[in-house]
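Asks: Now for the letters of each chain:
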Amino acid sequence: MDLTYTAEERAFRTDLRRWLAEVLPTLPAKPPLEDWPGRRVYDTHWQRLLFEAGYAGIDWPTEGGGRGASPVEQLIFKEECERAGAPYIGVNFVGLLHAGPTIIAEGTPEQKARFLPPILRGEEVWCQGFSEPGAGSDLAALRTRAVRDGDHYVVSGSKIWTSHSPVADYGELLVRTGPDDSRHRGISWLILPMDSPGIELRPLLTMGGSEDFAEMFLDEVRIPVDLRVGDENDGWRVTMVTLSFERGTAFVGELLESMRLLRELKGLARGTGAWRDAGIRQRIGHLQASFDALWALTKRNVSQAGEGGVPGLGGSVFKLSYSEQGQALSELAMELLDRAALAASPLEAEDLGTDGGPVPLGNAEQVEAWYKSISLTIAAGTSQVQRNIVSERILGLPKEPAPAKAGSGSAMSGR
Amino acid sequence: MNFQPTEDQIALAEGVRALCEGRFPLERIRAREGAETVVDPDGWRELGEAGVFSLTLPEDQGGVGLGLADAAVVFEELGRALVPGPLVGTFVAAGLVPGAAQGLAQVGVSVRSDPHPAGTMRMPTLIEHLGSLDGLIVVSGPPDDGLPAGKPDPAVLVDVEKVRGTATRVARTLDPLTPLWRVEDPLPGADLEASSVDGTGAEGSGERLRQRGLIVSAALQVGVAARCVELATEYAKQRQQFGRPIGGFQAIKHLCADMLVRSETARCAVHAAAALADQPDAAEFEAESSGTSPGEVLLGSASGAKLLADEAAIANARGCIQVHGGMGFTWEVPVHLYLKRARVLATSLGTPAQLAETVATLV
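So the protein sequences, as listed, match chains A and B.
Residue numbers for the first sequence follow my numbering, beginning at 1 and rising by one.
Residue numbers for the second sequence follow my numbering, beginning at 1001 and rising by one.
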């Protein structure tokens, strides 16, 4: 149970800190959330800087052009970037964390040469077309159909939750190539050029009022067969391979951000006098203990990944716990801000302890975090699905009954 | 960094598990339910010979020379097996009280109570296993707000015969395997002027012993919590209702999944607290990145680990009873013993409310 860092790990951290301290002050101002073209420029510029410094694709193997860093180094990278306030992965998310790793593992030499370098250099942006209105937790129910026509697929259907799609160059697309009821066995993985004719995007406003996602409608979109990754009808396995790249660091940034927000909340509680309430103090203490435990769990998951352990299962335990603690944190923030939490733009308090000067309340940031926290138990596998995974794959409890076949008139297939 | 149990630690855990299965099977433990003395001196000596109490004592003092992380692994197994007796007190007393390290003495540990404000009720002071104790160490209580680094009190060894002289046994106890005595408060001889346990009156020794005790008690609780996941899961696989195992119903599966999440996160917290106490460089680094001191890192991690482990043990034992349905409410099925032990441990060396307060001061 070694928590000390090796000389190499310490050197990696020192170099990274030095580089971040040099480069972060040179960044331009962050564009507003609704400015998608601005966000693309900002995020891809950051990716370019990472590339030039040798940090691009930190978790990618060297044969894919990545840095091939160890899981511990990946953890250090995320920790230092978060502590230094470096930009988030932003619009590079799908390319770096999903599409790239999939192409590394399953792509042809031509696909690797064509698509991997532009992701690392911040030249091309990807979006994801997996979920559908009728295929959420039950992704294998997807119905977007691809019909072979010579050396093309003709694709029709609709996708949902396609993030960054307004500025994406390519999409990773799961389509039905097998019979309607073929489920996992009839899915293929395609690269969708986003400038293809027949694509329509409709922004989807989140409850926070931001356009984080879109719906994507595909009407007879022609995709060359050589843009298929993996074999026809083997797309489910191809998708699962991507998940094996996860090294237990998926929520490091969020966890460290939660710890920072908790420190800010303590400051707010001291300022308003709520700190005199033992119940408030104990909730703050309990949250800190939980976040510390999750930080320890992260180190355990990362250590297991470093030895080639099965990733993903410890990740489910982490995600279940973090989702609940993140929501508890945000609920506490809303209570402490009281009616100031009804305002989503920044407010100030008067500091009566000094000269009555204005003190920023941080309410806008906390309200934003509150919106985000509500999606924690839904996005990337709902907590209910995660509990099924934990109880079936770790505890070995019996599986859910198999879903009814399409056409049998059940609710599963009737939509 | 490689934050996983080492091969040696896994072997150590397996060894202790085998010892518990051979020497402390549940039916033998249960034979002493309600007895005035639940500790069998031969079994206690065997624990001592196995190194359970002297694990962290240096080898030149007759100990095993290992760290708190190793002790956490061992105590999780003891908790899992519901081994009764003053395990935590005897562990912290090893090297300080003659015979503790070898399992030839049983030593209790109690927390010094704060002065009671006028107009409040003074709660009774209860000591576990007093009838068979050879020593009793009094450590400082959890720190107050504004004293984040802990109290400077020395740990004090009190004259157990004197304490026993004024004690009355509690007729029936919550945990039938944890006999209790009501004693005078303050404990006779527990004043700060009494000789400190290490003979030097070392400032802060009471707090240091309390933190060691917190970590191994938390490890016992992780053992309780983890065992309850196993018992609930085994029962859910085997118990049939509506023509299928109840473990196939999501309502039961999700209960079990939540139990696993609690025991796994608590275990990581306990291991981290122990590893930080063993590895000054790691504590130093944590302190640097959080803008605190290594002492605060250790206090916070030990308190937080005990808080989460208490919660995991209680919630998992309750969940285990729930999965067992009506049978879980009977005396015969042993799952109630885990809940009762969890309650006993959750009151020792700091209540959940006090532990949460301690962690809050360090945020």
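Calculated directly from the structure, the hints in this document are not laboratory data.
Nothing here was measured: the structure is a model prediction, and the numbers come from that model.
A hint or two may mislead.
One side of the interface only, derived from the structure: several residues of chain B facing chain A at Cβ under 7 Å [stated by the list, open to error]:
#	residue
1	M1001
2	G1022
3	P1025
4	G1048
5	M1123
6	L1126
7	A1269
8	M1327
9	W1331
10	P1334
11	A1353
12	E1357
Which chain B residues stay away from chain A? Per the calculated CB distances, all over 10 Å, these [to be verified]:
#	residue
13	Q1004
14	R1017
15	G1248
16	D1258
17	T1265
18	S1303
What follows is a list of derived Cβ distance ranges for each label pair [said to hold, decoys possible]:
#	chain 1	residue 1	chain 2	residue 2	range
19	B	R1182	A	R263	40 to 48 Å
20	B	P1115	A	L352	32 to 40 Å
21	B	D1281	A	R393	35 to 43 Å
22	B	L1174	A	L352	44 to 52 Å
23	A	Q384	B	G1022	49 to 57 Å
24	A	E63	B	G1325	53 to 61 Å
25	B	T1037	A	T14	57 to 65 Å
26	B	E1059	A	S375	50 to 58 Å
27	A	D180	B	A1011	32 to 40 Å
28	B	G1291	A	E232	36 to 44 Å
Heads up, the beta-carbon is just placed ideally off N, CA and C, and yes, glycines get one too.
Asks: Each hint: holds or not?
Replies: Tested hints:
no., hint, in the structure
1, M1001, "holds (5 Å)"
2, G1022, "violated (27 Å)"
3, P1025, "violated (25 Å)"
4, G1048, "violated (25 Å)"
5, M1123, "violated (17 Å)"
6, L1126, "violated (24 Å)"
7, A1269, "holds (4 Å)"
8, M1327, "violated (19 Å)"
9, W1331, "violated (27 Å)"
10, P1334, "violated (20 Å)"
11, A1353, "holds (6 Å)"
12, E1357, "holds (6 Å)"
13, Q1004, "violated (5 Å)"
14, R1017, "holds (18 Å)"
15, G1248, "violated (4 Å)"
16, D1258, "violated (7 Å)"
17, T1265, "violated (5 Å)"
18, S1303, "violated (7 Å)"
19, R1182(B) with R263(A): 40 to 48 Å, "holds (43 Å)"
20, P1115(B) with L352(A): 32 to 40 Å, "holds (34 Å)"
21, D1281(B) with R393(A): 35 to 43 Å, "holds (36 Å)"
22, L1174(B) with L352(A): 44 to 52 Å, "holds (49 Å)"
23, Q384(A) with G1022(B): 49 to 57 Å, "violated (42 Å)"
24, E63(A) with G1325(B): 53 to 61 Å, "holds (55 Å)"
25, T1037(B) with T14(A): 57 to 65 Å, "holds (58 Å)"
26, E1059(B) with S375(A): 50 to 58 Å, "holds (54 Å)"
27, D180(A) with A1011(B): 32 to 40 Å, "violated (54 Å)"
28, G1291(B) with E232(A): 36 to 44 Å, "violated (56 Å)"
Checked against the numbered hints given earlier, this structure breaks hints 2, 3, 4, 5, 6, 8, 9, 10, 13, 15, 16, 17, 18, 23, 27, 28; the rest are met.
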